[in-house]
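Trainee: So you can see what is in the structure, the chains are spelled out below.
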Amino acid sequence: MKDSRPVSVVACPDGPLLVRGDAQLVDEQGKPVERRRATVALCRCGASAIKPYCDGTHKAIGFTAP
Amino acid sequence: MKLPSPRGPLSDAVRTLVASPVDQPADVRAPDVARAAVDATTDLLTDEDVQLALYVMNELAYRGFDGVDDDWEWDPELLRVRRVVEGAFEEDLRRRVEVPGDVAPERGAVAAALFAMTAPSPGPSVARYVAKRATREQLEEFLVLRSIYQLKEADPHTWAIPRLTGKPKAALVEIQADEYGGGDAERMHCELFASTMRGVGLDAAYGAYVERIPALTLAALNLMSLVGLHRRLRGATAGHLAAFEMTSSLPNRLYGDGFRRHGFDEATTLYFDEHVEADAVHEQIAGRDLAGELAQQEPELCHDILFGAAACLYLDDLAGEQTLTAWTAGASALRPAA
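Those sequence lines, one after another, are chains A and P.
Just so we're aligned: 60 in the numbering used here is position 60 of the first sequence, and the numbers increase by one with no gaps anywhere.
Just so we're aligned: 325 in the numbering used here is position 259 of the second sequence, and the numbers increase by one with no gaps anywhere.
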């Protein structure tokens, strides 16, 4: 999904990174990661089952952001 | 959709009234019947007659009914009936629901309170039951129960958009745009739900199963319509949406697991998989940018924001318990088919 807003990244308290705008997400080989919505949440706790996206697991494991 | 069959005197009076021409209304003294019904009930939330009557009156603001004059939506007599029922419903919820009292009307504090109220808890839940134990028939019942809201998913909260300004409005639009598929009709969440229903062989027509839906499930939807349709309750709408989103990602993973366990394909589980990802985004926006900012912008709404969240959780818990009780006893969670 194309998003023409300037890129912004919000670090949610004890939660994911919210990414808005025209940022391209790629995997370690540089292959684009499918982006299905304008605003995405990237996993920050390491425990998501749908990485790189957040699935809310940080709440179940009591993740606290550094 | 068709007008549902009455479940008692009030839903009978409402049905008779809206089935008559709006300029030649049936003489059923519906406001008096409503007053008698809410005075006589022992439990408004599980009262099949009262909750169905309220559902029918609210539905006039969404899609209406086959053969029912659209002008009934704004008919003063019917609005009087709705006011009697809504007044009793709101009063009952405000009496029952516990709202955290010491939350400052600040963005961070309100978001933290909402995340605390919705923190994942161990123990039995519909989601865990669906993931591990539900039979194929119970999966169908689960979809039927949810269909009454999910086939108009997001619509009740959308009423609040013109009642908000600035950041909370932008936040609500950001969430709702995603709910409505970001401009792609096939990705609208209500459409994804319809695909899931068809995937298990259910009828995905709007309102097809209303006769099977018990009062508590109607009450959970009636709450969304109550807070959505009244500008006064815009704070409660923001809080309701936040609580709804905050209790969605993890359960949806489990719902999807239940359908995968029964061998359903990706097209059928897409609705749940989509919600795992989408609602992990929405809960962040709803907690801080919508509910938190709204409390900061209009501090007098802070209590209602938390009330909307607490009422959402209260009714979802009650409805969930009712479903689990039926299923674990080997019974149906639905009303019997006519």
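Think of the hints as simulated: they come from the structure by calculation, not from any bench.
Check before you lean on any hint, since a few could be wrong.
Taking lysine to aspartate or glutamate and the DMTMM-like style, the derived pairs with C-alpha atoms no more than 25 Å apart in a straight line are [unchecked claim]:
id	chain 1	residue 1	chain 2	residue 2
1	A	K51	P	D331
2	A	K51	P	D382
3	A	K59	P	E164
4	A	K59	P	D339
5	A	K31	P	D339
6	P	K235	P	E332
7	A	K59	P	E366
8	P	K235	P	D221
9	A	K59	P	D331
10	A	K31	P	E387
11	A	K51	P	D339
12	A	K51	P	D221
13	P	K233	A	D22
14	A	K59	P	D168
15	A	K31	P	E139
16	P	K235	A	D22
Trainee: A separate judgement is required for each hint: does it hold in the structure or not?
Mentor: Now for the hints, and whether the structure bears them out:
1. A:K51 - P:D331: Status holds; Cα separation ~21 Å.
2. A:K51 - P:D382: With a Cα-Cα distance of about 29 Å, the restraint between K51 of chain A and D382 of chain P is violated, given a limit of 25 Å.
3. A:K59 - P:E164: Measuring from Cα to Cα gives roughly 22 Å; hence the hint holds.
4. A:K59 - P:D339: 18 Å, holds
5. A:K31 - P:D339: Roughly 22 Å between the alpha carbons, so the hint for K31 of chain A and D339 of chain P holds.
6. P:K235 - P:E332: Distance ~34 Å between K235 of chain P and E332 of chain P Cα, so the pair is violated.
7. A:K59 - P:E366: Distance of about 29 Å is beyond 25 Å: violated.
8. P:K235 - P:D221: 15 Å, holds
9. A:K59 - P:D331: 28 Å, violated
10. A:K31 - P:E387: 46 Å, violated
11. A:K51 - P:D339: 13 Å, holds
12. A:K51 - P:D221: The hint is violated at about 30 Å.
13. P:K233 - A:D22: 21 Å, holds
14. A:K59 - P:D168: With Cα atoms ~23 Å apart, K59 of chain A and D168 of chain P stay inside 25 Å; holds.
15. A:K31 - P:E139: 53 Å, violated
16. P:K235 - A:D22: 22 Å, holds
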